Structure formats: structure tokens, C-alpha cells
Amino acid sequence: MDFSFLSDDRYDFLGAFWMNVQLTFWSAIGALILGTVLAAMRVSPVPLMRATSTVYVNVVRNIPLTVIIIMMSQVLYTQLGVQLATRGERGFLATNNFRLAVLGFVLYTACFVAEAIRSGINTVPPGQAEAARAIGLRFTQVLWLIVLPQAFRSVIAPLANVLIALIKNTTIASAIGVAEAALLMNTLVENEADKYMAVFLTIAVGFIILTLPVGLLLGWVAKKAAVKR
Amino acid sequence: MSSPASVPDRPAAELNLGEQVTINKPATTSDTRGGADSSVMIGMYDVQKHFGDLHVLKDINLQVPSGQVVVVLGPSGSGKSTLCRTINRLEPIDSGRIEIDGVELPAEGKALARLRADVGMVFQSFNLFAHKTILDNVTLGPIKVKGMRKAEADKLGMQLLERVGIASQRDKLPAQLSGGQQQRVAIARALAMQPKVMLFDEPTSALDPEMVQEVLDVMTSLAKEGMTMLVVTHEMGFARRAADRVLFMSDGEIVEDAEPDAFFDNPQSNRAKDFLGKILSH
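Going down the list, the sequences are from chains A and B.
The letter at position 208 of the first sequence is residue 208 when you use our numbering, and the numbering goes up by one with no holes.
All you need for our numbering is the position in the second sequence, starting with 1, plus 1000.
Don't take each hint at face value.
Derived Cβ-Cβ restraints for the label pairs, each shown as a range [to be verified]: (1) A/Ser119 <-> B/Ala1111: 29 to 37 Å; (2) B/Glu1108 <-> A/Pro213: 45 to 53 Å; (3) A/Lys228 <-> B/Asp1046: 41 to 49 Å; (4) B/Ser1039 <-> A/Asn58: 47 to 55 Å.
Simulated from the structure, these hints should not be mistaken for laboratory data.
The structure presented is a predicted model; accordingly, all values stated were derived computationally and were not measured.
Where is the CB? At the ideal position from N, CA and C, for every residue including glycine.
Next comes chain A alone, as it looks inside the complex:
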């Protein structure tokens, strides 16, 4: 197989994969925060919060991610004029598209994070929350100090799955022109039409290199962090 494109200066493989890493990093942080909030709302004593969270999760997780990402660009930016970067600055479009893509990934991935955390909350024995209430902690304290720390430890493995899915999902950012690995692959497919096999193999191996350590590392962390009962 001919991998000669790897040393071709026109193709910035490291830069492209670095873009996927950056998309993943910011999206993962945002999704973890939003997902935790959604999960907390889901178990709150206020019916309106529970309903809001339930509706959000069930609507958003059922929309194809490609649709969400294109909506970010076409509806949010083009139609509604929402800008996430300063117009006129150098690289405005690239920055704006990057941030719109991150927003889309956060909104989408948060649903799966929320469901994972909710299942984790269900593994915490009800007596833990009862004991916390009995010493006078308020609902948010019970959740933040007692329930969520234990829930998180039991959902590290499922969250690793969500993270791996997110890493691969970042390729969809190419739909709105973010210069990541899948966009580079499209370019290669056009320019190096005789080397399809090598092109696909390169991109696939690139993602395995990104995802495999994540799975192994978080699997190890999950074992270490498990709450002994």
C-alpha cells in the first residue's frame, strides 16, 4: 500500500487530529457540566425541573447529530445571527464554526451523560440520601456532597463509552467545515483517488490511537474509584 501522502506537506494530519482532540476536550467538559445539571434536575423534588430535563433529553438525543451540527451553523448562525466569535478578527469563520460545533456536541452529548449519571444515582442506596437529610443537609448539599460523588464513581465506565462516542462524533464537525480529520480525509479521497485503502486505514488507525487509551485508562480508573460497600 502506498502511504506516500503522509509525508506530503499539503496534508496536515497532526493538525487535523489535534482539531478532533480540541473539539473533544471542550465538548466533553461542557457535556459533563450540562449532563450533571440535567441529571440533578431529573431527580429534583420540583416537578417542573424533572419534566424539563426529561423532555430535553428525550428530544435532543433522538435528533441525528449531523442535523444538530448543521442546525448550529445554518439556523443559529446564518438565520438567527448568533455569533460565538468576534467578526472581523482573523480566522472568524473557523473560530465561529469550531465553537458552534462544540455547542452542538455539548447539547447532544449532555443527554447521554445525563442518562449515565442518572443510572449512577440509582445505584446509590436510598439510605445514603436519608442519612444526609437526617443530619440537616439541604437537597443540593445531599446531591452534591453525598449522592453525586458516589454516582460518578459508578458511572466512569459508561461515561468512557460516551467519551469514545464523542471523540468519533467530532468527525461530524466537518459538515460545517471545521478542519478536522474527516475533512482532511475527504480532501485526500479527492486528491489521492488511487490510495483509498491507505487513506481510510490512516484515518481509522488515527482514531483508534485516540480512543483506545481513553477506554483503557478510564476502565482502570473505574476499578480504582469504585465505592466499597
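Given the coordinates of chain A, assemble chain B onto it according to the supplied hints.
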């Protein structure tokens, strides 16, 4: 001693823990059953509670004076645990009124949390915070609910752990302790809030037999020191030795309300005779 000597065997002493761990000393002693002039620590008035079609608490009226130790007995399913759990509103009631130290239990929110801080609770399954060390279990309430500084809370926590005899385990996690040790930590955790009342919901039922006594010893010493206690238990020996008063529940009602000796030696109702016949015959 500030209390009148109406109950000579129950001195209203203070816990020997230094100044800040003084357990609320009962203002009056406590041999009267809901007498209007003694200060009522736990008051339940016309309390009703259903689980679906099951009427688990029927017309409960109960006044526990400050400093009294009440043991609640009864067959399983008689509503005794539910009664205990309604007192700090872990179980909401359908109708009626519950008061702690003259203050009605608020419905929800901050006011309820504040009131719960005054009511210590010990559970059958210990419910120690599984991800926190023994010392952190005890100090969490004082720090997060009362805003105590960590150093001060640690000092208080160590005094309480020493009192229940497990200071050396301070840095372990709950799962590394035996059941009896865990339950003693749970008692220390409740005491750290300096509660006015302690509720015990079958505190020894989940323990191996050889660990029951160490927990009962701690409870007995608490009772001697004048803590107001409501104890749901099957430990008849503890009821006889440490209680001022025995309530016998059956089918959601308080069927008998008597002093321990009177209850055990001369039960009035058939249901109580039947119950005692079953548990004391072997």
C-alpha cells in the same frame, strides 16, 4: 444537678466531652406521660399515615417529655419504624401534627433541614457515607450544616469517636469496619449535631449477635446522660434496663403505653400478651 429528683435513677448529667459537646440538658425530668407542665420534646397529635390502602399509622397521639427514653415494640409491620421516621419527616404524614420541642415540623426546604439537624437518627443499615472516612462522616454535618471550622469539627469528631470507642479507625472507610463499629460511628455522627432528640430505628437488627452489646452499651450510656430517645427495637433486655417507657404498637396503633416492668410483667392487651408470649417463650 438542676433537675428535681423525681426520677432518682436518671441523673440529667452532661456528656463528659468538654464544653462544646454538652448534650441539651433536660429542663425538667420526665416521669410524667405527656403532662402539660413538663416540656414536651416530641409531640404527635392525631397523626394519620397511609401507604396506598394500608393504614400504617392510626390516630397516633404521643408526647415524649424531655429526657425520656421511649422504647417502641411491636410485631413487624405494626408501623413502629414508620412512626420513628415520621418524627423527622423522612416519611411525610397524611394528616395531624408533629412537633419537636414545641415547633411544628415544616413541610419542606430549609426550615425542615434546620429542624432535622436537631433530631439525630440512627438507622438499621447504618447508612454511613460510603465514600467518606470515619472522621469525615462525623464532621460533615457540623461543617456543612452548622458552618463549624474544620479544625474545630475534627476535635469534636475525635472526642465523639473516642466516646464510642473507635477513634483509632478515623481514617478508614465505612466498609472496612464491622457492623457494630459502623453503627457506633453512626451514633457519633448523629451526636455531632448536638441533637435535642435521638431516634433509633432498629439499630441492632442488622448486626451479628456478638456486636449487639457494644451498640447497646453506647445507647444505654446516652440514656443515662439524659438524652431524649425514641428507640424502635427488638432488644427486650435493653427495653427493661434502659427505658422509662414502653410503647407497644400493633396494626398502626399504640396499643399499650406503660413503664417497662408493668408492660413486661403485666401486659393488658391480648395483642401484647400474644407478642410477648412469642418472643419470651424461647
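Taking 29 to 37 Å as the stated bounds, is the beta-carbon spacing between A/Ser119 and B/Ala1111 within them?
holds (33 Å)
Cβ distance range 41 to 49 Å for A/Lys228 and B/Asp1046, holds or violated
holds (45 Å)
Range hint 47 to 55 Å (beta carbons of B/Ser1039 and A/Asn58) holds or violated:
holds (54 Å)
Falls inside 45 to 53 Å, the C-beta gap from B/Glu1108 to A/Pro213?
For A/Pro213 against B/Glu1108, whose Cβ atoms are near 47 Å apart, the range 45 to 53 Å holds.
Hint compliance for this structure: every hint is met.
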